[in-house]
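*Asks:* This is what each chain is made of:
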Amino acid sequence: MSTEVRKNSQIFQDSNNTYFPEDETQISSVVKELFKKNQPAEVIGLGSKSFIGNKIQSAKKLSLSKLSGIIEYLPEELYIKVKANTPVELIEKELEKNNQELAFEPIDFGFVENGKSNKGTIAGCLSCNFAGSRRFKVGSVRDHILGFRGVNGKGDIIKSGGTVVKNVTGYDLSKLVSGSFGTLVALSEITLKVLPKKKSSNTITIHTEDKKLVNELFEKISSSSSEVSGAVYVPEEPKDDSYNQNKEMLFKFNDLKFQGSFLALRIEGDKLSIEERIKVLTMELELQNLNTSILDVHQSVPLWKKINSLELFENTKNNLLRAVIPPSKGNELIQKIGNKFKYYIDWCGSLYWIEVKSNKNSKIIEIKRLIIELGGYLTIVKKSNEFDYEETIFTIDETRLLISEKIKKSFDPKRIFNPGKMYRGI
Amino acid sequence: MTELALPKIDKKTLDKKDYIFKSLAKLINPEHVLSHKDEIKPYETDGLSAYKQTPLAVVMPENTKEVSSILKFCYEENIKVVPRGAGTGLSGGALPLQDAVLLSLGKFNKILEIDFENKCVVTQPGVTNLGLTHAVQHKGFYYAPDPSSQLACSIGGNVAENSGGVHSLKYGTTTNNILGVEMVMMDGTICRIGGKTLDQEGYDLMGLICGSEGLLGVITEVTAKILKKPQVVKAALIGFPTIEEGANATSEIISNGIIPAGMEIMDKALIEATDNFSKAGYPRDAELLLIVEVDGTESEVDVLLKDVSSICKKNNCSSLKLSQSEKERLSFWSGRKSAFPACGAMAPDYYCMDGVIPRGKLAEALLEIRRLSEKYNLPVANCFHAGDGNLHPLIMYDGADKEQFRKTEEFGAEILKACVRLGGVITGEHGVGVEKRELMCEMFNDNDIQQQLDIKTSLDEKNLLNPGKVYPILRKCAEEGRVHVHRGEEKFPDLPRF
Chain A
0 MSTEVRKNSQ
10 IFQDSNNTYF
20 PEDETQISSV
30 VKELFKKNQP
40 AEVIGLGSKS
50 FIGNKIQSAK
60 KLSLSKLSGI
70 IEYLPEELYI
80 KVKANTPVEL
90 IEKELEKNNQ
100 ELAFEPIDFG
110 FVENGKSNKG
120 TIAGCLSCNF
130 AGSRRFKVGS
140 VRDHILGFRG
150 VNGKGDIIKS
160 GGTVVKNVTG
170 YDLSKLVSGS
180 FGTLVALSEI
190 TLKVLPKKKS
200 SNTITIHTED
210 KKLVNELFEK
220 ISSSSSEVSG
230 AVYVPEEPKD
240 DSYNQNKEML
250 FKFNDLKFQG
260 SFLALRIEGD
270 KLSIEERIKV
280 LTMELELQNL
290 NTSILDVHQS
300 VPLWKKINSL
310 ELFENTKNNL
320 LRAVIPPSKG
330 NELIQKIGNK
340 FKYYIDWCGS
350 LYWIEVKSNK
360 NSKIIEIKRL
370 IIELGGYLTI
380 VKKSNEFDYE
390 ETIFTIDETR
400 LLISEKIKKS
410 FDPKRIFNPG
420 KMYRGI
Chain B
0 MTELALPKID
10 KKTLDKKDYI
20 FKSLAKLINP
30 EHVLSHKDEI
40 KPYETDGLSA
50 YKQTPLAVVM
60 PENTKEVSSI
70 LKFCYEENIK
80 VVPRGAGTGL
90 SGGALPLQDA
100 VLLSLGKFNK
110 ILEIDFENKC
120 VVTQPGVTNL
130 GLTHAVQHKG
140 FYYAPDPSSQ
150 LACSIGGNVA
160 ENSGGVHSLK
170 YGTTTNNILG
180 VEMVMMDGTI
190 CRIGGKTLDQ
200 EGYDLMGLIC
210 GSEGLLGVIT
220 EVTAKILKKP
230 QVVKAALIGF
240 PTIEEGANAT
250 SEIISNGIIP
260 AGMEIMDKAL
270 IEATDNFSKA
280 GYPRDAELLL
290 IVEVDGTESE
300 VDVLLKDVSS
310 ICKKNNCSSL
320 KLSQSEKERL
330 SFWSGRKSAF
340 PACGAMAPDY
350 YCMDGVIPRG
360 KLAEALLEIR
370 RLSEKYNLPV
380 ANCFHAGDGN
390 LHPLIMYDGA
400 DKEQFRKTEE
410 FGAEILKACV
420 RLGGVITGEH
430 GVGVEKRELM
440 CEMFNDNDIQ
450 QQLDIKTSLD
460 EKNLLNPGKV
470 YPILRKCAEE
480 GRVHVHRGEE
490 KFPDLPRF
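Chains as they are written, first to last, in numbering that gives the first Met the number 0: chain A, 0 to 425; chain B, 0 to 497.
These aren't lab readings, by the way, just hints derived from the structure by calculation.
Heads up, a few of these hints could be off.
[As the list claims (entries may be wrong)] Cβ-Cβ distance ranges computed for the label pairs, FRET-style:
id	chain 1	residue 1	chain 2	residue 2	range
1	B	N462	A	N16	39 to 45 Å
2	A	N314	B	N77	56 to 62 Å
3	A	E208	B	L150	45 to 51 Å
4	A	T398	B	E271	52 to 58 Å
[Claimed, not checked] List of simulated lysine-lysine pairs, DSS-like, C-alpha gap at most 25 Å:
id	chain 1	residue 1	chain 2	residue 2
5	B	K305	A	K278
6	B	K227	A	K211
7	B	K313	A	K198
8	B	K227	A	K198
9	A	K270	B	K169
10	B	K64	A	K196
C-beta atoms are modelled at their ideal positions from N, C-alpha and C, and glycine is treated no differently.
Take these sequences, add in the hints, and give me the full structure.
*Replies:* Right under this line is the structure:
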């Protein structure tokens with residue numbers, strides 16, 4: 000071991016074999032050392048989403064938690080540049096001061112994990128690329144990443160993108176890093192596109208148990224020019240008491256006129272335009288024939304917060320699946336899963352969050368097969384204790400796996416970062 | 000035209016020319032293999048017509064299987080391949096190579112499926128950008144990215160270049176508006192990425208392929224997202240007596256929480272040029288002209304335009320007109336859309352740049368360009384997608400004068416370097432191609448470029464797919480002199496360029 004490497008090991012490593020580099024130069028030194036010794040490491044931030052993905056067999060951990068803080072925020076340029084492990088909440092608070100936000104609505108996985116809010120770091124958010132309810136209108140996390148800096152698996156400091164929205168200079172590596180679950184780059188800096196926060200929001204809830212109608216409504220909403228920015232269906236299923244109690248407690252709002260299953264759609268903007276849009280939607284969706292409630296901004300905002308915190312699955316000990324399908328396949332999927340599982344539908348009919356009880360692992364395989372048949376994909380986000388790791392967590396076909404292996408190799412030839420977290424061999 | 004450095008010509012390939020023609024003719028309909036010099040002449044250049052090169056042969060496959068077998072053959076025989084869509088690109092990305100097969104996707108011109116339920120269109124890559132909108136507009140839908148060449152440019156080319164357009168601030172560029180692609184890798188492997196779902200799992204290969212300028216794979220099918228047309232669209236036409244006041248107004252519009260659907264700026268030189276050319280009725284006394292377009296509901300649009308108006312008044316605008324009808328809105332755009340031909344009418348040649356700067360640096364950038372214009376003694380007109388900071392200076396020159404031509408090149412490069420210095424990038428939507436290849440080092444260091452090259456090598460280890468584009472031919476950037484030349488014969492004079 001060279002003097003420099005020894006110094007690095009001593010400075011950054013704690014007794015649990017976790018490195019705590021403080022800047023990208025230090026990350027680079029640590030990774031170069033790991034590379035030299037062929038030692039893989041689990042890359043971690045605040046650990047809010049570390050339960051997602053396969054278990055990693057590595058003696059070392061690379062904590063990037065010390066790389067936190069806002070580097071540059073220019074509201075008029077619509078971007079914020081932060082150290083990669085800045086907590087999402089801190090970024091949101093800073094943006095709030097200028098009436099701006101991360102439009103993709105970062106998901107809070109803390110409730111699912113242990114019943115407490117924890118939005119984690121922006122690097123974690125980017126690495127999973129799981130966007131919230133506004134996804135179908137504004138894009139995913141990856142659509143809001145303008146650039147990054149970080150260290151590849153050889154220890155080289157690299158960058159891509161910039162701070163401007165229009166940029167076709169070289170390959171768009173920001174996209175590649177998004178959703179890579181930390182298997183390509185240890186991120187040190189991220190530049191995000193930010194957008195003005197809408198002045199107000201209202202939510203129309205439509206109370207119905209009729210799943211066919213729900214899918215018809217989703218179709219009409221996505222065909223509307225009324226810029227609906229959230230459309231979710233929360234069914235009261237399966238019909239058991241504990242679930243119903245939980246749901247009623249969760250979605251208790253003064254203006255919610257009816258009990259039971261509901262479809263909620265969000266309209267954002269200034270007051271006048273919200274009123275105008277509600278009028279148009281009332282006609283388009285023929286709302287006068289349905290049981291509806293309208294939630295004002297004070298109820299609308301918390302409702303969507305609960306949706307995007309997955310509070311319906313708070314503290315679950317079961318398996319939690321995240322499935323995305325072409326929305327036209329909704330009826331087929333609901334027919335198969337309806338009233339057997341606790342689930343809800345987001346992204347205007349595209350995204351399904353499904354809970355599968357721990358003793359029903361074989362059901363996961365069944366649902367996964369169906370989702371793939373329908374042209375979608377499925378991620379097992381949370382695994383029960385009895386989960387059989389023979390089942391793959393993510394969906395991928397042979398050709399894409401082969402290409403992904405090649406790409407992994409180009410960033411991280413010795414598989415230092417999170418080996419096996421996504422797929423075997425990656 | 001001075002010499003353009005291109006990859007070393009493989010003599011072995013040239014020597015087995017006849018064998019290659021014969022083999023290709025066995026793989027696809029022999030009539031779709033062009034090798035006679037008269038047949039391949041139309042393919043010797045793309046939208047960057049300063050560079051011309053005769054390809055080895057032109058092949059026009061009709062389906063994915065044929066693309067795959069051509070690529071597999073070329074891979075096994077170590078033959079370079081240059082993919083080409085409509086050939087409207089402005090950075091030379093589809094420039095042929097003497098020892099390469101030019102793979103034209105021109106026969107991939109059918110829309111395969113219109114799926115209103117899933118709000119998407121599955122199409123072959125040779126369909127034009129506007130063709131997508133035409134296919135769905137009867138139900139009030141459209142495809143959002145609108146590069147100015149949308150009448151002719153192909154959707155496959157849009158994916159390769161990650162094309163933008165006037166409305167990209169609000170609606171994004173190609174990468175934000177496609178759901179899936181089918182592509183063929185250099186070794187012939189066919190790969191489907193994404194589909195009709197939002198996002199995909201695993202590495203975002205679609206994000207990687209989008210804007211990769213034909214270096215990583217050949218796009219053979221695209222699933223594009225379609226949107227419902229906005230309820231109301233209106234525009235404002237605003238003149239400012241100084242560059243600074245106009246620039247401040249644009250910054251203030253954004254910082255007041257307004258995201259216009261489009262926001263365009265023209266400087267005095269271009270106001271005059273376009274107004275002479277298209278009689279758009281622009282305020283001739285203004286130093287800077289701003290077009291702001293907003294969409295949404297009736298009241299929302301009115302409120303936004305009211306806010307825009309008051310911001311502009313606060314910044315001392317000299318004229319302000321709000322569109323009262325769709326006809327008037329389109330007339331606001333008519334001059335802007337004629338920017339390129341208008342400049343073409345003013346000088347024998349013009350050279351269009353494509354830098355991006357942070358919005359707040361607009362005044363600084365325009366003043367720097369003005370300074371450079373005086374330094375080089377060459378007139379320049381500026382149009383600018385102000386919403387997303389994309390600057391298109393048009394340098395006017397006479398290509399017959401070699402010295403003037405050399406100065407034009409230097410001027411262009413200095414503008415792009417200034418963009419980087421101001422915190423921007425060297426290309427916003429035209430791509431790097433061969434044109435800006437050597438300027439990559441203004442933005443990236445050796446590590447950054449090496450990582451990108453490693454990706455290229457991992458997917459095309461023999462470097463056969465569109466070599467010589469995007470990345471500097473000589474590695475050490477500092478050692479590389481400027482080599483490219485532009486002589487502004489517009490290849491598609493009828494296409495609006497903005």
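*Asks:* State for each hint whether it applies.
*Replies:* Right, here's what the structure says about each hint:
Our hint of 39 to 45 Å for N462 of chain B and N16 of chain A holds, since their Cβ atoms are close to 41 Å apart. Taking the beta carbon of each, N314 of chain A and N77 of chain B are about 59 Å apart, inside 56 to 62 Å as hinted. Look at E208 of chain A against L150 of chain B: about 50 Å separates their beta carbons, and that is inside 45 to 51 Å. Our hint of 52 to 58 Å for T398 of chain A and E271 of chain B holds, since their Cβ atoms are close to 55 Å apart.
Proposed proximity of K305 of chain B and K278 of chain A is supported: the alpha carbons are some 23 Å apart, at most 25 Å. A hinted pair counts as satisfied when its Cα atoms are at most 25 Å apart, and K227 of chain B with K211 of chain A qualifies at roughly 23 Å. With a C-alpha separation of about 23 Å, the suggested pairing of K313 of chain B with K198 of chain A holds against the 25 Å cut-off. Restraint check: the Cα-Cα separation between K227 of chain B and K198 of chain A comes to about 23 Å, which is no more than 25 Å; the hinted pair holds.
Proximity of K270 of chain A to K169 of chain B is assessed by CA-CA distance (about 21 Å); at most 25 Å being required, the pair is judged to hold. Our distance criterion of 25 Å between C-alpha atoms is broken by K64 of chain B and K196 of chain A, whose separation comes to about 48 Å.
The structure fails hint 10 only (numbered hints given earlier).
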